[in-house]
Amino acid sequence: MRPTLARYIPFVVLVGLVVAAQTALSALKLEFYLTQLTMAAYYTLVALGLCLLMGYAGQVSLGHAGFFAIGGYTSAVLTTVNLAATGAAAGAGAAAGGVAGAAGAGALIGLLSRLGILVTGTDAYGGQTLTVLPWAAFAAALLVTAVVAVLVGIPVLRLRGHYLAMATLAFGVIVARVAVGTRIFGEADGISDVPAFRLFAGLAISGKKALRVQNYYIAWAMVAAGFLLLINLIGSRAGRALRAIHGNEAAASAMGVDVPRHKLAAFLLSALYAAVGGACLVHFNGGIGPGEASVMKSVRYVALVAVGGMGSAGGTLAVSTLLTFLSLRGAFGQLDDAVFGAILVAIMLFAPDGVFAPVGGWILRLLRGRRGARGAAR
Amino acid sequence: MGADQLLQYLLSGVTTGSIYAIVGIGFNIVYSATGIINFAQGEFLMLGGMIAISLAPVLPLPLAIAAAVLATGLVGVLVQLVFISWLKNPAVLRMIVITIGLSILIREASLHVWDEKVRALPFFSGDETSSIAVLGARISPQILWILGISAVLVAGLTLFLRYTLLGRAMRACASNTTAARLCGIRTSSLVTFSFFLAAAMGALAGCAVSPMTQTQYDMGTSLAVKGFTCAVLGGLGSSTAAVAAGLLVGVLEAASISILPLAYKDVVSLGILLAILFFRPEGLFARRAAGVPGRAG
Amino acid sequence: MARRITIGFIGFLVLAASAFPLFAADAATIKIGAILAVTGPAANLGLPESRTLEMLVEEANKAGGLLGKKIELIVKDSQGNAEKAISFAKQLVEEEEVLAIIGPTTSGESMKLKGYFDENEQILISCAAAETIVNPVAKWVFKTPQMDSFAAVMIFNAMKKMGISRIGAVVSNTGFGQGGKAQLEKLAPENGITLAITEVYDATAGDFTGVLTKVKAQDVQAVVNWSVEPAQSIVPKNMKQMGFDVPIFQSHGFGNIRYAEAAGKAAEGILFPCGRLLVADALPASHPQKKLLSEYKKAYEARFKEDVSTFGGHAYDAFLILSEAVKKAGSTDKVKVRDAIEGLKGLAGTAGIFSFSPKDHNGLTMDSFEMLTVKNGAFALAGK
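Residue numbers (our numbering), protein chains in the order written: chain G, 115 to 492; chain F, 2 to 298; chain Y, 73 to 456.
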């Protein structure tokens, strides 16, 4: 195991790179790259969470895009659904005789308003709107995701291998179907016109051009924090427990590790990472579509973790940033899905520990001038 | 709901269910021989249909279908030889991810070979407006073809496994690979053959449904999920149980239309899958069906 | 092991650094961006759109370009994904600094971009059908497909003429289908039609006998099938196979001969409102759209070896509108071009005759539609 402080080196490198990239881009007048870097950051959060789950705890999840979508959609719905309309309908309902329900809705709105989490505004047609404050929506998104993760996780994590994979896949598809089939989630069109997320001290998550640099740092600060948390977790007792579980569940249990609890905790944490990514990106993009919950997206996240190295948070971070950035810029053109599929197959066939291990080995041998059999000590 | 409406739902459910069952059987064949769940199983149906459609203008329909079945079987063999055969004791997670990646590659490759347009084989008998009466409901004759072909495939497979030398060798391989090898059975060839068989069966089913459901490059994924549901529902490794499971899933899906909004139809079959995985992962019909022993774990 | 990973990581950084190419802007060309769903679930819309644009830009450049400058077309494949559309939009606007963007293909993507384009004062000419794209009007956002409400009213008018008053509708679960559902439900009562049942079906499913059984049970006199995906061809087939023999109406999403071919004999007699592109040959020589439609049809079919469709036509119209506006404004200043678009009147396109105004960013009226039918496997004008 690395000495304690040395394990923070990747974190410091990350922060350094983030700042360096922005300074360089702004100086070279190439600030537009920051947009895709910011988006890639939020997607990388999902990959980081998945790395914890798949890489360290050894539990495969083919439905993680579902958690991203739950976080994103919850925040989007709450910040766009017009409660004033519900209030008016409640009033009309009371007149028509549905007093109890109408009173309930009205009272709820009154309570929310007194809590100070409602925001007034005007919509495109000039009418009055009443929506939920982004902070409250964000909290709600995390809460909903946590509840779903626990409810799904408890039964699902009892499964292994193929069954676990299929159960998570089924979960992801169910989320996608609900997103496409439900009116309040905008059905196939998704949700648009999601407002900016005002954080504090004048910072806001928003897609506005003027706030590009700010948003870049907000996104990457979250990734850095997530990365730091992951590093600490991995080095801690809980992290060792997770790795023990990955190695052999029965043995870990025999050693006194509470296997179900640790697995659930890892599942929950990885789901929350995804939800944070979703809930923030939805404000940066100003909207969300049902494609975010699709099977292809879930497979992509798995591919990113696999390529980066299942047990390497830094590798996952690097690969996720690069590939997502390129994909968002259309660098793969029409072959976008094919590229991820090919990468997945190639890595899993030839380098199941991720791409950096062999590449690093080659570079090292090159530097040392060693030529010989490939079987260098691992 | 009138009796003929009920019958219509039943027939609709049985039709889709029999297709899911064929996909499930494909999963079972490969799983029994290798312990691998091949996520690319759904793509074999798509390939079978696409190849047959490409050949249909130049060959008489039965020949085109036969050629497509053969060709797809060879694709299955290729997949197994190139991507899977040389892996030594791969981890389950690794295999899952590889086969998912393969299904994506096959899909994208066919997109570039055939483009995104939807195609269909001509109806095996009659045409797209033919309609025959069955006990008060009216259906297309193609449905009888689909049910007939599925039944023949299942019966043929059961007979093959029980009565032919090759079939028994496959069962031996599935039951205990080491013992089979000790008996002189070439297990690696059998594994390759099982891929051929699963792919060929899938291709035939894909041709059978093509006139009804049309064939498009991305039809494989959802079929794979439904097929897996049937395989698990029946108990992994048991093909006859997969058939019963398939019919059950198909009918439940069709019946759900009358209660739930159509948008949630898939949620029904997925919910069934989750329920089975949570409560009875060994499958509804956990007793080993005669003739096709399952693989442990 | 850890050392290898670190070294590999550094190697990766070197690689990543090369992913940031520097390029110089070229002022001697006019850049036009396009965000289309060339692959993915909406590919049957996006691919003809992309091909049409390539064809038109090539022809325009051969004829000397626009205002004497070559046109550079940058097409981005969003695969129908909203987040890609947003990313490409920002890329095209902020990095490539395009004059305008044509697309996106789907309503969902267009709605995500509407706010951004209006705020940043960039021209967007969408090829998607949703009413909400231009209603409420956003100053910088336009769309070329006809309004769903026109299609719905045309269908209802035809029904009234046939004495039909009670109908059922099945729509696909995509933005186009659900937009159609909204219009059908909204406009049926005021047009004297009882919409007894509306069901949304999965555009990727293969068999609709279940949902059609449900509709049949409502004793309807006709069925409206509103979809733009290939699965719409299965509905007429299922209906005939079930013995559900009532008139079938489709939407303008049926505007591709392949859909009629896929439905085979079951397509005979289907009625649907559509732009005149598909029956260009049947138009009288004096019709203002005839020349343009015939030329487009000939050129597209010769070059791409596939039948022309109304979907490609939406991209055609977008490009036409943009280039006419640039010519009219005499400059590539975005504000002037935008104003010029609003000032275009009586411009003959593939979907109809466009006349824009500050309140009307679609520019088409119900006259843009003709009622078409399928006769002997080919499209023909209905009632002629």
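There's no promise every hint is true.
To be verified - Label-pair restraints from in silico Cβ distances:
hint, chain 1, residue 1, chain 2, residue 2, range
1, G, Ala-221, F, Val-135, 40 to 50 angstroms
2, F, Arg-187, G, Thr-296, 50 to 60 angstroms
3, F, Leu-261, G, Val-264, 40 to 50 angstroms
4, G, Val-126, F, Arg-95, 38 to 48 angstroms
5, Y, Asp-190, G, Ala-445, 27 to 37 angstroms
6, F, Leu-261, Y, Asp-439, 55 to 65 angstroms
Stated by the list, open to error - Stretch-level coverage of chain G by chain F, calculated; a stretch enters the list once three of its residues show a Cβ under 8 angstroms from a Cβ in chain F:
hint, region
7, 137-143
8, 367-376
9, 461-475
These are computed hints drawn from the structure, not numbers from a lab. Please read these numbers as outputs of a predicted model, since none were measured by experiment. All residues carry an ideal CB built from backbone N, CA and C; glycine is no exception.
Hints, one by one, checked against the model:
Checked against the hint of 40 to 50 angstroms, the pair G:Ala-221 and F:Val-135 fails, with Cβ atoms roughly 57 angstroms apart. For F:Arg-187 paired with G:Thr-296, a C-beta distance near 54 angstroms keeps the hint of 50 to 60 angstroms intact. As the Cβ distance of F:Leu-261 to G:Val-264 is approximately 26 angstroms, the hint placing it in 40 to 50 angstroms is violated. Restraint check, G:Val-126 to F:Arg-95: a C-beta distance of roughly 33 angstroms breaks the suggested window 38 to 48 angstroms.
Checked against the given bound of 27 to 37 angstroms, the beta carbons of Y:Asp-190 and G:Ala-445, roughly 29 angstroms apart, stay inside it. A beta carbon spacing of about 42 angstroms between F:Leu-261 and Y:Asp-439 contradicts the range 55 to 65 angstroms that was offered as a hint. For the region 137-143 of chain G, the stated coverage by chain F is not satisfied: 0 residues place a CB nearer than 8 angstroms to a CB of that chain, which falls below the threshold of 3. Beta-carbon proximity to chain F at under 8 angstroms applies to 0 residues in the region 367-376 of chain G; the threshold of 3 is not reached and the given coverage is violated.
Here's how the region 461-475 of chain G fares: 3 of its residues keep a CB closer than 8 angstroms to some CB of chain F, so the rule of at least three is met and the hint holds.
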